[in-house]
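Number of protein chains: 2
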Amino acid sequence: MLNVHLVPHTHDDVGWLKTVDQYFYGDRNDIQHAGVQYILDSVVDQLLKNPDRRFIYVETAFFYRWWKQQSSSMQQTVKKLVNEGRLEFVNGGWCMSDEATTHYSAVIDQMTMGLRFLNETFGPCGRPRVAWHIDPFGHAREHASMFAQMGYDGFFFGRLDYQDRARRRRDKEQELLWRASDSLTPPMADLFTGILPNGYNPPEGFCWDQSCDDPPIRDDPDLEDYNVDDVVRRFLAIANSQAIVYKTDHIIMTMGSDFQYENANLWYKNLDKLIHYVNALQANGSKVNVLYSTPSCYLQELHRANLTWALKMDDFFPYADDAHDFWTGYFTSRPALKRYERISNSNLQVTCNQLEVLSGPASRKGPFGEGDINLSLSEKAMAVAQHHDAVSGTEKQHVANDYARRLAHGWQRCQVFQASHVLLLNIAQPHPVFLSQFSVNVYNPLARPVTWPVRLPVNGTAYLVSDANGKSVDCQVSVLFSLKTENLCVHLPQFLRVTFDPDTGLLSSLSNLETKQTIKLTQNFYWLVYNASDGNNLQSDQPSGAYIFRPNSSTPFLISKTTSGVQEVRQWFAPWVSQVVRLYTDSKALELEWTVGPVPIDDDLGKEVITRLDTSIKTSQYFYTDSNGREMLQRKTDFRPTWNLRQSEPIAGNYYPINSRAFIKDDVDQLTVVTDRSQGGGSIHNGSLEIMLHRRLLYDDVRGVGEPLNETSNIFPKGLVVRGRLLLSLDRPPSAADAHRPLAQEVVLQPLLTFTDGDLHPNTQLEFSGLQAALPPAVHLLTLTQWDKDSVLLRLEHQFQSWESKLNSQPVTVNLQKLFSTLEVLGVSELNLSANQWKDEMTRFHWTPMTGTGHLNLFIRFYYISS
Amino acid sequence: MLNVHLVPHTHDDVGWLKTVDQYFYGDRNDIQHAGVQYILDSVVDQLLKNPDRRFIYVETAFFYRWWKQQSSSMQQTVKKLVNEGRLEFVNGGWCMSDEATTHYSAVIDQMTMGLRFLNETFGPCGRPRVAWHIDPFGHAREHASMFAQMGYDGFFFGRLDYQDRARRRRDKEQELLWRASDSLTPPMADLFTGILPNGYNPPEGFCWDQSCDDPPIRDDPDLEDYNVDDVVRRFLAIANSQAIVYKTDHIIMTMGSDFQYENANLWYKNLDKLIHYVNALQANGSKVNVLYSTPSCYLQELHRANLTWALKMDDFFPYADDAHDFWTGYFTSRPALKRYERISNSNLQVTCNQLEVLSGPASRKGPFGEGDINLSLSEKAMAVAQHHDAVSGTEKQHVANDYARRLAHGWQRCQVFQASHVLLLNIAQPHPVFLSQFSVNVYNPLARPVTWPVRLPVNGTAYLVSDANGKSVDCQVSVLFSLKTENLCVHLPQFLRVTFDPDTGLLSSLSNLETKQTIKLTQNFYWLVYNASDGNNLQSDQPSGAYIFRPNSSTPFLISKTTSGVQEVRQWFAPWVSQVVRLYTDSKALELEWTVGPVPIDDDLGKEVITRLDTSIKTSQYFYTDSNGREMLQRKTDFRPTWNLRQSEPIAGNYYPINSRAFIKDDVDQLTVVTDRSQGGGSIHNGSLEIMLHRRLLYDDVRGVGEPLNETSNIFPKGLVVRGRLLLSLDRPPSAADAHRPLAQEVVLQPLLTFTDGDLHPNTQLEFSGLQAALPPAVHLLTLTQWDKDSVLLRLEHQFQSWESKLNSQPVTVNLQKLFSTLEVLGVSELNLSANQWKDEMTRFHWTPMTGTGHLNLFIRFYYISS
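First to last, the protein sequences are chains A and B.
167 is the number that full-length UniProt numbering gives to position 167 of the first sequence; each next residue is one higher, with no gaps.
817 is the number that full-length UniProt numbering gives to position 817 of the second sequence; each next residue is one higher, with no gaps.
Same shape as in the complex, but just chain A (with noise of 0.2 Å):
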């Protein structure tokens, strides 16, 4: 017997083309319709009606909201519903992250603050056993990990490469056993994979939604165009024909898509029918059965089929769904979202969670006095920013201004000094300090000393600076934004050298002068472009987008050959590309502080700017990036590792999202370039590493989105002006992520600046430390969160992989007990990943691999309770 697993379902983005808000209540429904709180109204209702009836439901964050306006009655109805099996939580987290532009610490909150929801309102029964990340435009291996610690048995998704999926149908491998990670042990950053037949769409002709158009089951003989005998024959045709890619006598079918069962009788009642029709020819000897189903009871059959899987150790980037259409244009797109999303969960985890671990969950008192402090708020908009159409660029533009505007709330109510002016720092152009005299406090919050340098903005010409101990502290004050005079913070340093060919004025060479390493190193700035009447486009009339990424040419324009007009470090390239060059003496890492834009388009075409590095590395079409901030991994030009690729774009189709950092090596060397926010990237040619900075585009890439992503404001009519910091760092290959790791780590939780007017009060402290000492160099402080009254979430993150440094990729001890200076911890429990079951509670199915090997596990996590 053929088993189908109907699974009811609706795909709800936390923002896209309209607003979180606008979904949730219905609003602009001219602009999309859709309306989330409608949606569960009415699911619910038609759940009541037939005991067989399921769905599952993922977005808490629509969850959430819905919830509270219910009457109690009606929560207990759910609840009941919940722990009869009948509404089901699937994923569970606050959004369904974007996978490749997201870093992995803002997602584990997301997940965790979703999942908490869950936890605290129905108990173990509202757990989702299921990931499912059905829309998201290709698959990152770090999250595939981050599910897998969570305690996931199983993680569904509808995109992946059209080749790719060519051919795991052929060789029945869309349901595979994903291995995660190359440090932690098997299987402990397993996860059995499913790849969803339809995206998440139901089958052709079977769709029920009240926005779409096919026929409804006709089963009154009296009117016309009766047609249940021809919806069973095409239906037993399409479930004949799936279970053929498929390993066992169970198949699923996803009967929902985008903000479907808003009106949920439409759906059930056909599907009522449908299992109706299809299993009253059993009778008749057919081999077919139907029936309303979940993920989770369609994975719990798989398991039970007690297979081998096929091996996966790779990730599902980059995503085409046509030969010139792929999905890395946003890698890059909305650079100034992106960048502000970053700072804001940098400031989030600094004030918000550790700032008011530290000064006490009583009292709230302490060094830093009492603060306003709103964590919700701040933790909302950044969970939401993880949405796959929120930090991936790929949302409209009032949209995005949206998701910037729920930031800057969250950041507002973050501070805990009143009269604080560290929002002064949080604007693209330095406004000075109208003060004559100023404090400035500087908060760190890595559990190591950092060398950081402190830029403020000011309007007086000469500063005396002097630490917590009186002693004067070295300072120069620069004039911004002028050509004629620099005066630039230009240290002597001590461990790298780079050196500016004297004829082009660009980059010739970086040295590190404590490895006696040179290489030779040229850096440019190009741009690409879509041009819609261009010869090239007979093959594919597909433009850059949002999401999308299709220059015409496979060579970009070099915007200057020099760069002209420049003084010293400070490179002009075009009146829309300029650049800062500075290397700090205490710094390992060379600077590279780039603006761009406006991006002209006089000539009425878009075009996508990239820097691009090249070098005298010795690589032969390898490269590295990362997954989330996290793992490393390898990437090969024109090359899939678990298909035989034809590669049909050699530009787009060779970009991988960039998290944190990028690298090439060759035998003795390797050049790491860390970003301050996701970015794309790609090393075209041997030697070379591109990073693309900015895209303007005047065509929308017909992926729903509907605008071209040309961003403009009041403040930015001409366009949108960008401002990056690119670290490099050059090292030996054996050690290199002793250097880029900390390096890493400090562009993504930075220092916090804080200022009082005028004197402190003579009693200030003006220093003080949450810890007790700094950790050893391979743990990283991930999360300090006040949890409740009287207990904290910590997470510890060994951040080194298991095959990167001989020093610090060994296990590590760190004693709790002395870990902070201010509080003491009177009791540890472990917790999953996403904190929302207990270590020893969590049991996960075994899958069997078709093959297997295993590594280090090093991710800890605690939960200090204190009685």
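A hint or two may mislead.
The list treats identical chains as one, so a pair stands whether inside a single copy or across any two.
What the hints assert, rightly or not - With a straight-line Cα cutoff of 25 Å, these simulated PhoX-like cross-link-like pairs (lysine-lysine) come out: (1) K68 x K273; (2) K68 x K789; (3) K80 x K68; (4) K79 x K49; (5) K68 x K49; (6) K80 x K49; (7) K665 x K636.
Please keep in mind that the hints were generated in silico from the structure rather than gathered at the bench.
These numbers come from a predicted model, not from an experiment.
Given the coordinates of chain A, work out where chain B should sit on it, guided by the hints.
Chain B in isolation, oriented as in the chain A frame:
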């Protein structure tokens, strides 16, 4: 306190852009999103959630289908809702009939069918108290008269002339008393009539259906854009400005529209909130009270106000929604469908209704033998054909085809004789009967003898025809569709004489030989055109379409000055316009059988074809048209009885619906034209009467149908050819009705011809009469139909208006005991017109008009019960 009655409702066309079955099931949602089954599912669910909520339902054609599919427990639930007044039926006919193109007999039938179902299902609580014609495009006086006689307490509609509405708003006359007959004694045909404030839509900004984009009420202060204060402020402003133009401290708001409430939760959730927040302001002194209500609750409050109301005696035709947007095209649109609907009615009355009664309810044996009688299919087909987007001709082509197909199925199922050839006559082009010998059975459905030329298609050249007594019958064989030889059945006429102009071949005079009156009469054919590129479109670019008639110029184009190439009385005006003029020996009417089509469109111009009769009759702007085939209404060019008209369309703005006849007259002569279907017409010049015959248009008129009225088919790939008849009678005005009343009924109820092959069985009864004697001329047998096993429904109608005939406008007495030849009357009960209430139990609200006069009531209805 101002009371705002919110009336949740849905407007469900029984066919328009989709067929009635497609609308019911929600099929073809690509054309229009609409599924009535889901509307009723959803509304019942939502009514159960809050006992304050109300809903009205209108179209029994849909409700009946839905009801059949419900479980008995759901049926009990719905009964409870009806009994508690939470679900209220209004109007309640099978459909919401068109008012301009329907004949009263078919309207009464469809109302009776719907109301009967409600009566039998729900008893008195299911009987509608309010008529509800929110969408029809203008309103007929006869409809109001029928509604009054059906026992309705009030009538609400949405569309009226924009100038009329402006005047009534100013004078607070949007609620009025319609005195809907000049023959029935008031208040017998008095009907309280309310004009709804927003058509049938909600006020602007308050549409919360899934099909709308208005902002929902966002009352969670945690979300962006909390808008309760704004919504309440806007609502109060609208309510107060609406109250200014109505008389009482109660106002009504229709909260719904086309096919809305498919997901009723969206509406009710927001209406609940609206009521809550608006009424909450009463604590702060607000004087506005909002409540869920129904039209009958609202009507009760108006009645309780005990005011006097403006009196209206004329009708609401033509309807214009702007200066150049007269909805007078649909009076003629789809002339073939309009005719097919009319002869289908005749067929239904005869074969399904009268013959079933006469053949006997017990055995169905008798003179007509065994029959395959299926009432309901034919009745339902006729009932939905009355819909305001059915016979009106304002549906899409595929829907028009569907109505025709339903009617055809109805014909098939109504065939009494298995081997009947009756269908042969129902098609436009005659088919020969390939039989050397056959019998013809002629059944006359009128309750008095008629003279009727029997024309049969045959393929022989000579036939012997004998009557029931074996006596030879005068006969001629005509060759059709030949220019060369004509052998027409033109007899030496006894009553009329017509002359033709020898130069032009056109009609030149008409004489009544009995009354010795002669008028000059010229007739020709013309076309009008809307030319998009005409310079005359500066005022408006409204084109003619299915609804709208808008020629560029007031001067119609003459098709031909002469009727060249014709013989005698067969006239050829153009390759696509011809006419046969016939005078039968025994007839008092001149027959003009016109054939129009395919209307040429090679010049890219759509055309609207009229025939115009120009006479020597001295009229001064007045002419007369009927109302739904019953009473005659006086019309005056460029004039409206109840407001000071500013005429903006000299032709379209003077067109009125003609359902059965129109006439012009002066002191001595009255020329009456009896039509065979509904058509539009007017008297643009004195002495002239023009009738629109056919319309072929190349533009959509932007009233929703979304396709041009350009009828083609497999049979007519180059454009539809339509044939029809006009019957002209010339009389002295005081006695003209004595001729045109029976003449028009003969066209409405035609003799039924059936055939038998070869020799008849020797025992065959060759003659039969269902009546013992003919009814008096004033009395028309309107309905004779089997009601249930033991009773028949009989409707007898006094067909003369009180003023139109010295002879026949007097009261008459009919002896029911001696009426029928095969039925013995065991008991009689009188009912209201729609047969859903005993006449003596019919109590209606009394309303006080501002002025009042009265007339006779002779429209009687009987209900036979043979215990």
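Against the structure, the hints:
| no. | hint | in the structure |
| --- | --- | --- |
| 1 | K68 x K273 | between (34 Å within a copy, 16 Å between copies) |
| 2 | K68 x K789 | within (22 Å within a copy, 60 Å between copies) |
| 3 | K80 x K68 | within (17 Å within a copy, 32 Å between copies) |
| 4 | K79 x K49 | both (16 Å within a copy, 19 Å between copies) |
| 5 | K68 x K49 | both (24 Å within a copy, 19 Å between copies) |
| 6 | K80 x K49 | both (14 Å within a copy, 19 Å between copies) |
| 7 | K665 x K636 | within (13 Å within a copy, 96 Å between copies) |
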